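Since chain A is already given, all that's left is putting chain B on it; use the hints.
As given, the protein sequences belong to chains A and B, one line each in that order.
Mapping of the first sequence onto the working numbering: residues 1 to 83, in sequence order.
Mapping of the second sequence onto the working numbering: residues 1 to 704, in sequence order.
The hints are simulated quantities; they were obtained by calculation from the structure and are not laboratory data.
All values derive from a computational prediction rather than experimental measurement.
Just so you know, even glycine gets a beta-carbon here, dropped at the ideal spot from N, CA and C.
A couple of the hints might just be wrong.
To be verified - Some but not every residue of chain A turned toward chain B, in silico, with C-beta under 10 Å:
(1) Val3
(2) Glu24
(3) Phe32
(4) Glu34
(5) Val47
(6) Val48
(7) Asp60
(8) Met61
(9) Arg65
To be verified - Some chain A residues near chain B, calculated using beta-carbon distances under 10 Å:
(10) Leu17
(11) Thr21
(12) Leu38
(13) Asp42
(14) Gln51
(15) Glu79
Residue strings, one per chain:
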Amino acid sequence: MGVKEKLKKILIEDLNLEDVTPEEIDDDMALFGEGLGLDSLDAVELVVIIQKHFGVEIKDMEEGRPAFQTVNTLARFIEERLA
Amino acid sequence: MPGTPPNILVVIPLYNHAQTVRAVVEATLQYHPQVLVVDDGSSDAGATVLAGLDVRILRHAQNRGKGTALQTALDEAERLGFSHILTLDADGQHEPADLPRFLTAIAEVPQAIIVGKRDFDQASIPGSSRFGRRFSNFWLRVQTGKSLGDTQSGFRAYPVKIVRGLRLHETRYSYEVEVLVRAAWAGVKLRDLAISVYYPPPGERVSHFHAFMDNFRLTLLNTRLTLRSITPWPHRRLVASGEVEQKISILHPLVSLRRLLTENITPVQLAAAGAVGVLLGTLPLLAAHTIAILLVAGFFRLNKVAAVGASQLCMPPLVPGLCIELGYFMRYGEFLTELSLQTLGYQALDRLYEWLLGSLVLAPLLAALVASVIYLMALTIRRDAQHPEDGDGSVATPVESTAEPQGWTSRSIGSSWQHQSFYLMIRLGGRRAAYSLLYLVVGYYALLPSVRRKCQPYLQRRFPQAGTWASLGNRYRMCLELGKVLVDRALVGILGPKRVAVALHGRQELLDLLAEGKGLILVNAHVGCWQVAMSALGFMQLPVNLLMQRDAGDIDRHYFEHAGQECPYRIIDPQGFLGGALEMVAVLKRGEVLSVMGDRMLGEDRNGVAIEFMGGEVTLPFSAYKLASATGAPIVALFSYKTGPDSYALKLYRGIRVPPDLGRGSEVFVPYVREFAATLEAFCQEHPFQFFNFFDMWQDDAAE
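So here's chain A without its partners, still in its complex pose:
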């Protein structure tokens, strides 16, 4: 399973997103606000679950801001860190 698919799956499971399937999450859909509709508290959770599942730590805003846009940007960020 690729990073994107795994990411979508844990987004739904760990954030308890109801009525959403991995297929419905578009790669370029905004994670926060309009789009998937996550909020700042989900961002807190997301930092934690990315570390838990991928072992990737997000240390500060400069890293987090560009990564926390869409599934694509987040997956690319994780892949860069794992490489």
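Okay, now just chain B, sitting in the frame of chain A:
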């Protein structure tokens, strides 16, 4: 001569401007046929360059000054039957093209002196001219209460008969100042007229204004005119204006007020005059009171008699004595009781300083008091005068309804000004001085309806039994505590952190929690003085990060701003990306301290839960508990409170542990937020007047 069209002579005074005068005269003739050149004893070619032009020329054998030249022109104009003269300079700085507009203006206001106002936004004007103009305008205003845009301009129209009737003594440039002042005193109208102006480049420009001698003459003239302007005998009037000369006596205030009111002075203007008199009368100006009051009253066109009359209330020894006692109290915390050669003689300079200190507090208060009394008296009298048939019965009620005049609308600058005066008091007299001021100011604040609205939501829950007087007292205490906290905060900034001792309760617990390495979340509230107390956290040797929102219009300063220092905390902006959530997580992951306010929702934050607090339902933020759950960081409820004049305490009230993986949704955090709310309620039981959350927390409570 109303009705007859003005008959105008253009006058060009000439002194050593042979190079430019011919062009000026030629251009002038294109607009007006009647031109007189007065050659004031030129030593160059003088008026001979005008040969062949159709102009009248008069010549002084010796140089006698611009003023004399203008008088010569006025004599000649009168002899020839002209009604007005219109003067312009021979050096070419005035544009004859402006003449038609002058001619129109003269026809509109034939009895006024019209002064061409140079457009000083133009780049070629020398800086010295700008300053000179402002300075000269200022004196005209002091001496006459009238304002003109350009009192130094030589491009003017004079009504001949009126100016001939003035007694003028100046012969040189200062003539042009004197004529305006004396004309204004005589009741002649002064008018501005915008003109264009050309200042040649410095090399080409020839001016006969002698910097030293002419300025010296102007200073002498201004001294004389100012002294004359503050002497009480009336000026001879040439133009009837309908204003009645004042016959006012301080011994008969009501009669005097009534008379003043018949002269179209409003109650507000009278009150303002009284306020100026008392304000300046209270200050230790040492024998210069009356002059200062007359000058200030003249500048603002306030009634001088009323101002000086009101200042008599500040006669020694009462008011200076009060000021000294107050100043002494502000410095030493006790009153001066020993009157001896030692205290009044050898320590005279100290007493003078205390006089100044005390008067800074007392002067505005007395001024406001006197102004209100005069205003109400004047209002009552005027109402009587306007409705004599109404009798006594109707007087009482309308006074109250109109007792709040438009004059008190400067609230927006008021608060900034008030803050500044506290900072000044701190610098001058230290804590005691600022606190003394506070006791008075807070009394006023506690009575304001807006302050009442802000305090009541909390106070009526904390003290449900309190009646009207008790709740006023509570409000006063609460505002006083807040005032002290604000003073302390500024004090720490201005005079240094050593001024306040902070006792920390729970030091070991904090160290133990930090040792866990998961960071630490401090949940504060709007109580005590968190900013002063935070200095006690220095021992942790860790960066403190603060979730804090600052509004653009914030006027109260943080203590480090007073000291001109960098902010000692890192600020996380709740309006930043994802509400600063990523930054907060990062801070905790680095094991640092994060401080948030637990008693109020910030800005756009919608992550709140309904919690029972002091018998009502409030919405409190739960983000901090979510962060704790996600990162494993411990939470402590940490509150500060003032314990004495120069001491604070910072106390760890309760540690709150939030288990990991609580998941999504707000309900799961309710128990932990409730722990915090209960802790805060306990704090309010202990320190009821140090709760400064003036936001109505209970506004959404369904039970309301």
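These are the hints, each one checked on the structure:
Against a cut-off of 10 Å between C-beta atoms, the interface hint on Val3(A) is violated, since the closest Cβ of chain B lies about 20 Å away. The restraint placing Glu24(A) at the interface with chain B is violated, with a minimum CB-CB distance near 18 Å, outside the 10 Å limit. Interface hint status for Phe32(A): upheld, as the beta-carbon distance to the closest one in chain B is roughly 6 Å, under 10 Å. Proximity of Glu34(A) to chain B is violated relative to the hint, the smallest CB-CB distance being about 14 Å (cut-off 10 Å).
With 10 Å as the threshold, the beta carbon of Val47(A) comes within range of chain B, its nearest partner Cβ sitting at about 5 Å, so the hint holds. Contact between Val48(A) and chain B, as hinted, is supported at the beta carbon level, the nearest pair being about 5 Å apart and thus within 10 Å. The beta carbon of Asp60(A) is positioned within 10 Å of a beta carbon in chain B (closest approach about 5 Å), and the interface hint is therefore held. The restraint placing Met61(A) at the interface with chain B holds, with a minimum CB-CB distance near 5 Å, inside the 10 Å limit.
Proximity of Arg65(A) to chain B holds as hinted, the smallest CB-CB distance being about 5 Å (cut-off 10 Å). Below 10 Å, beta-carbon pairs count as interface contacts, and Leu17(A) has one with chain B at about 8 Å; its hint therefore holds. Given hint, Thr21(A) at the interface with chain B, is violated; its Cβ is 18 Å from that chain's nearest Cβ, farther than 10 Å. A cut of 10 Å between beta carbons decides the hint on Leu38(A): the least distance to chain B is about 9 Å, and the hint holds.
Using the Cβ-Cβ criterion of 10 Å, the hint placing Asp42(A) at the interface with chain B is satisfied: the shortest such distance is roughly 7 Å. With 10 Å as the threshold, the beta carbon of Gln51(A) comes within range of chain B, its nearest partner Cβ sitting at about 9 Å, so the hint holds. Residue-level restraint check for Glu79(A) is violated (minimum Cβ-Cβ distance to chain B is 20 Å; threshold 10 Å).
Of the numbered hints given earlier, the model fails hints 1, 2, 4, 11, 15; all others are met.
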